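Visitor: Chain residues, written in single-letter form:
There are 2 protein chains.
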Amino acid sequence: MYYDLKFRHIPYVESKFSVVEFDAGHNLMPHGSTEGVQARYNVLGPVMLPIRLGGDIVQFNWYLYFLDSEQARTKIMETLAEGKIDYDFFTKFSEAFTVNSVLSLGEQEHNLKPESVPVVRLHSCCATGDIFGSCRCDCGPQLDAALKSIARDGYGAVLYLSGQEGRGIGLFAKALTYLLQECGHDTFEANALLKLPEDARTFDDAGHMLKFLYPNKPVRLMTNSPHKIEALRRVGVDVAERVELVRGVVAQNEGYLRAKAARGHMIELDQHQDQDQDQPPAVTPLPATAINGVAPASLTPMAATSAVVREAKALHAQDA
Amino acid sequence: MYYDLKFRHIPYVESKFSVVEFDAGHNLMPHGSTEGVQARYNVLGPVMLPIRLGGDIVQFNWYLYFLDSEQARTKIMETLAEGKIDYDFFTKFSEAFTVNSVLSLGEQEHNLKPESVPVVRLHSCCATGDIFGSCRCDCGPQLDAALKSIARDGYGAVLYLSGQEGRGIGLFAKALTYLLQECGHDTFEANALLKLPEDARTFDDAGHMLKFLYPNKPVRLMTNSPHKIEALRRVGVDVAERVELVRGVVAQNEGYLRAKAARGHMIELDQHQDQDQDQPPAVTPLPATAINGVAPASLTPMAATSAVVREAKALHAQDA
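Protein chains in written order, with our numbering: chain A, 817 to 1136; chain B, 817 to 1136.
Isolated chain A (complex conformation) (with noise of 0.2 angstroms):
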């Protein structure tokens, strides 16, 4: 049994809110299947948000995600069938709730367009890198060039992945593998002495949310991560291209991204030391080749996917 979030007296409000649905192949389903339904999300935008960038402002859409499951888990389902939307409501949500966000540019245009393909990139949220500017890590200045990247393209989107902090382990565990650090651990090991996952995350929500944003489309996408790519294809996203993100490296970061580098990630770090951090990452193609393994979905762009999306609105049709 499922609930919808509604907010039925504001009715600008619940125009901008969407339920989406996937089946077990990860294809998208019309809103209201009753059956075959595997996975529900729950996007609220577009909200306007209006981001510096150097020195200038670009409008960008804002969109807020969360899946059913997490809803199911908290229990607010008996709050939303009893009517009660309040504080105890919101409380609820901003604690409990991993809600992700999508600043987007371009996709009400360009999602038309059969030559117009988005670059993308799925940043695993990082306060440290992100918000306080740390360097311990190259997060803040790679989420600043993707934003840029977009901006100068005009078509993409950066998936902020909320719950992901220290790929997937928290601040506060995040904060004790620092410590190891300064005693010499490397950062996989350092997760490692704690008993954690090297690596908690995964990218499936990201992908279907793609598959949302962008239908019928392939996706650029910024990373080196080849995790990042294998998971986006599992889900049946087509990775068309890499971009390749490489900024902020310095001698305070060196180590980490060795360290990265030595598990697979896509960083050359001699080639990198004297680049200008200030310009947006350049367009390399992806090579044709299996990466890790894995094959390309389609190595042609807007193949062979028109039969995967079946009546999901697309965005611009939502604001209509």
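Quick caveat, the hints were computed from the structure, so don't treat them as lab data. Here the structure is a predicted model, which means the values were calculated and not measured. Be aware that one or more of the hints could be misleading.
Same chains, same label: a pair holds when it works inside one copy or across any pair of copies.
[Unchecked claim] In silico lysine to any residue, SDA-like type, Cα no more than 25 angstroms apart, as pairs:
id: 1; residue 1: 1011; residue 2: 828
id: 2; residue 1: 1011; residue 2: 864
id: 3; residue 1: 1011; residue 2: 834
id: 4; residue 1: 1011; residue 2: 862
id: 5; residue 1: 1011; residue 2: 835
Since chain A is already given, all that's left is putting chain B on it; use the hints.
Guide: Leaving out everything else, chain B in the frame of chain A:
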């Protein structure tokens, strides 16, 4: 019954963990007190955090803290009693805890110098402003200016209050209020339409952390909010000066800032439209008169607080 969170097999990490206790009169208590303890804070740090500020990298001390009451609420006690510190433990941490952060500079050198007064910012977390760079609010530039001001003075801290997104209503509800603002409501009316409090924050915990971080010290507070000054004084923090912090004023947040000014925030917009946004804020003396009806706790720095702190370990002592 309390359990201490200890990391017994990793001495360096364990040495960075403190339990801080306060009695009902908001006095710092020696750890291990058997009576009178009203609040117990768990503090981890310092963790070294090199922070990018403009073109420089400044090494801050990062502390994380959470309350025993939060610990109890999520039943982590049982996990600890059983000696199970593992992935499941940390996922509970990352989901259910409000882990706040302190970015501090100079506390080890300056706490014992009578003439030194730290400059402090209580910064409520703001994903849109601090992470995404949104200019619907002024949070991002305020955080940046606060860190620069601390770096310039060499003595002070930002307390980053992670549970206070959207004045305490959480990110999802905040997005809803943004949609309501797109319909013409102001930031406070939007909360009311959702049956949410206009401001759900408290600053008591932040006040206690300040007394731990700066035993026997007045502080200079970077804020435009008389409520924050009142709240800190209520728990016995000697706020000796207010430092104005108006930054990031643009057309997109003028309505938001005017709404705040109408609720008592000390923001004179017209003076700040053309300011140099890159300069750290100037220190202005706090008027000796009462602010919003609350008399200053002390107008003479260093007065009257020595009796408040009893046997509290100063941070420099912990690191010895």
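Visitor: Honestly, which of those hints from before does the structure not fit?
Guide: The structure breaks none of the hints.
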